[in-house]
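*Asks:* Counting in the numbering used here, the sequence shown runs from 42 upward without gaps.
Calculated directly from the structure, the hints in this document are not laboratory data.
These figures come from a predicted structure and were not determined experimentally.
We put the CB at the ideal spot given by N, CA and C, even for glycine.
One thing to keep in mind: the hints can contain errors.
Cβ-Cβ distance ranges computed for the label pairs, FRET-style [unchecked claim]:
1. Lys82 x Gly258: 47 to 53 Å
2. Pro285 x Leu94: 18 to 24 Å
3. Lys141 x Ala245: 33 to 39 Å
4. Thr177 x Ala241: 18 to 24 Å
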Amino acid sequence: MTKKRADELLYEHGHCESIADAALLILEGKVRSKPDALVHKASELYPEDTVLLVDSGNEFVSRGALKLQRALEKFAPDLHGKTAVDIGASTGGFTDLMLKHGAGRVYAIDVGRGLLHWKLRTDPRVICLEGINARTLPPDSVPGGADLLSMDVSFISAVKILPAAHAVLKKGALAFILVKPQFEAPKQDVPPGGVVTDQAVRQAALEKVCLAASGLGWQLLDAEDSPLRGPRGNLEYVAVFRTPS
Numbered sequence: 042m043t044k045k046r047a048d049e050l051l052y053e054h055g056h057c058e059s060i061a062d063a064a065l066l067i068l069e070g071k072v073r074s075k076p077d078a079l080v081h082k083a084s085e086l087y088p089e090d091t092v093l094l095v096d097s098g099n100e101f102v103s104r105g106a107l108k109l110q111r112a113l114e115k116f117a118p119d120l121h122g123k124t125a126v127d128i129g130a131s132t133g134g135f136t137d138l139m140l141k142h143g144a145g146r147v148y149a150i151d152v153g154r155g156l157l158h159w160k161l162r163t164d165p166r167v168i169c170l171e172g173i174n175a176r177t178l179p180p181d182s183v184p185g186g187a188d189l190l191s192m193d194v195s196f197i198s199a200v201k202i203l204p205a206a207h208a209v210l211k212k213g214a215l216a217f218i219l220v221k222p223q224f225e226a227p228k229q230d231v232p233p234g235g236v237v238t239d240q241a242v243r244q245a246a247l248e249k250v251c252l253a254a255s256g257l258g259w260q261l262l263d264a265e266d267s268p269l270r271g272p273r274g275n276l277e278y279v280a281v282f283r284t285p286s
């Protein structure tokens, strides 16, 4: 039987958002191959059908939820019965967070397939729209429009997705955008390895997204550092907007 690395198994089984997050869980001593057998290294090999046991200490399906939690609790503590859209849903950390805050329905959208955690995939409140490029998301994808948007995309500028996202939101909706400087800055400003350390470059990336949102009539309510850094240590921002009433 084919063997795979422990970090690859964790990622493929939906325990985390990236290989880097999987390696971190292993480093923190939170992964076991058996109840009494700790996985010590991300490079350890196991049969591909091995189900690794994870004690993440996290109430959400992925650590990604922690990036949004503080801002959501500040601006939208009660989503009871509301409709939300999660663009770049991946494993579903943001989706899980919004459900726990009472969202009645969440449209989980991602260009990838098979990424959404099984718990969310089988939740009747979650509409899984996978294999969809949000840049060309049809306006009728969310019947009636959404009250809230969360966006966490990689390898593409959030600016390119904002117009399509705007088209599926109700008037006066809240939008939480994770701004990743490494995907917003010009290529010449992103060092080899993809970690942006220049504060001026990071600030320009944030301003770029805010300017694009302003062009759609969105009002900036807040922008602050994400509580968690990206997989490679990139500082990211959570920008909060309200669409025109």
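*Asks:* It remains to establish, for every hint, whether it holds in the given structure.
*Replies:* Evaluated hints:
1. Lys82 x Gly258: 47 to 53 Å: At roughly 51 Å between Cβ atoms, Gly258 and Lys82 fall inside 47 to 53 Å, so the hint holds.
2. Pro285 x Leu94: 18 to 24 Å: Cβ of Pro285 to Cβ of Leu94: about 48 Å, so the range 18 to 24 Å is violated.
3. Lys141 x Ala245: 33 to 39 Å: holds, 34 Å
4. Thr177 x Ala241: 18 to 24 Å: Given about 33 Å between the Cβ atoms, the range is violated.
Violated hints, in rising order: 2 and 4; the structure is consistent with all others.
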